[in-house]
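Undergrad: Spelled out, the chains give:
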Amino acid sequence: AQSVTQLGSHVSVSEGALVLLRCNYSSSVPPYLFWYVQYPNQGLQLLLKYTSAATLVKGINGFEAEFKKSETSFHLTKPSAHMSDAAEYFCAVRVSGGYNKLIFGAGTRLAVHP
Amino acid sequence: EAQVTQNPRYLITVTGKKLTVTCSQNMNHEYMSWYRQDPGLGLRQIYYSMNVEVTDKGDVPEGYKVSRKEKRNFPLILESPSPNQTSLYFCASSLSAGLGNTIYFGEGSWLTVV
Chain A
1 AQSVTQLGSH VSVSEGALVL LRCNYSSSVP PYLFWYVQYP NQGLQLLLKY TSAATLVKGI
61 NGFEAEFKKS ETSFHLTKPS AHMSDAAEYF CAVRVSGGYN KLIFGAGTRL AVHP
Chain B
1 EAQVTQNPRY LITVTGKKLT VTCSQNMNHE YMSWYRQDPG LGLRQIYYSM NVEVTDKGDV
61 PEGYKVSRKE KRNFPLILES PSPNQTSLYF CASSLSAGLG NTIYFGEGSW LTVV
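Chains as they are written, first to last, in the numbering used here: chain A, 1 to 114; chain B, 1 to 114.
Derived from the structure by calculation, the hints contain no laboratory data. These numbers come from a predicted model, not from an experiment. There may be inaccurate statements among the hints.
Okay, derived cross-link-like pairs now, SDA-like style, lysine to any residue, Cα gap no bigger than 25 Å in a straight line [what the hints assert, rightly or not]:
#1 K71/B <-> L46/A
#2 K68/A <-> T102/B
#3 K58/A <-> G100/B
#4 K18/B <-> E53/B
#5 K69/A <-> G100/B
#6 K58/A <-> E1/B
#7 K68/A <-> K71/B
#8 K68/A <-> E53/B
So that you can see chain B by itself, here it is in the shape it has in the complex (with noise of 0.2 Å):
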């Protein structure tokens, strides 16, 4: 079954401690990349990539970090998470940057930082 599988799907942690959101795809989809949804804002990009090392920032990079070693894993990194990072997040993945390609989305982490 295709899949955007992402992890952890909750948690709670406190802020400046590192934590990582995983993400994986098993469509062999070239383009992931990471939103988060807030009340009223509707989703907004976080960062993007293109392809295999291959990294760019969205609309709202700041406080985030990503890497993309292997095409399949698109980890979203916060290395001294905020409260004002609470959010929904989704990692996204299509067959490419075309625009009428489809983009799938993971079921969401929600990650709450006190």
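Just chain A, with the same shape it has in the complex (with noise of 0.2 Å):
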């Protein structure tokens, strides 16, 4: 069965530094990778995705992120963190089989601060 496990329910980071969210999957079949971002009372908005083309993505507001098979992991990663990053993160996962359905790790809050 596919899963996805965020490590670090909680990241806490100084304004400028590196930001790390760490995501590992789990699939038998080719996955298709997602990064969503929560900010306080509002919806999912997504990030990034992975599509099976290029492995290093680039999504909105300065994130990346790197598929990486051998490891099964799709890290999310900003160089320089900003106040406004602060935020629940999702990673999921989506594969054939069923209904396609996204499957989602259980979020990592990142706080930031000064």
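Dock the two chains into a complex; use the hints.
TA: Structure, rendered in structure tokens:
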């Protein structure tokens, strides 16, 4: 069965520091991978997605993620954190079979302090 | 503007009182679904719909009903709400169930059952 694991339910960084949010997936077939962000009291917004093209995917707001098949990982990074990046981030996988639903990780809450 | 619109955004209700959360999208999407978000569990799919009059259960369908009589609308019905249905609910849509299609989310509906 497909699954997504996000390491660290809470991550705290200083403004200007590197942001690294970890995501590992389990899938027996090629996955499509997504990162969503949820700002307080808002819905989920797509940051970026991997759909089997380039392994390094660039998204909005300076975020990017690299698909590493050998490590079954899709970690999200941003070189320099901004206060406005404070939010909850969800990694999700979508695979063929069944009804092609999104399977979400438990989420990582990012705090950015001055 | 492309949107998924949910109503109500916030609701407190009592056990057993039927309620409906409406969802509408203006993107002519075929695929729509409902998720619930609970702390530490991420988002889990309740029901989905591949098109008009085509619906099926997701991972946590107990206590919920849906209907899809029009392409743009996909209401979620709680016939007899219970406290364990207190959660944040999201409606979502995508062009189709294609794996690479982006899934768009509404802003969420906070439901409290007392």
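Undergrad: Please go over all the hints and tell whether each is borne out by the structure.
TA: A quick look at each hint next to the structure:
{"no.": "1", "hint": "K71/B <-> L46/A", "result": "holds (23 Å)"}
{"no.": "2", "hint": "K68/A <-> T102/B", "result": "holds (21 Å)"}
{"no.": "3", "hint": "K58/A <-> G100/B", "result": "holds (16 Å)"}
{"no.": "4", "hint": "K18/B <-> E53/B", "result": "holds (22 Å)"}
{"no.": "5", "hint": "K69/A <-> G100/B", "result": "holds (17 Å)"}
{"no.": "6", "hint": "K58/A <-> E1/B", "result": "holds (24 Å)"}
{"no.": "7", "hint": "K68/A <-> K71/B", "result": "violated (38 Å)"}
{"no.": "8", "hint": "K68/A <-> E53/B", "result": "violated (40 Å)"}
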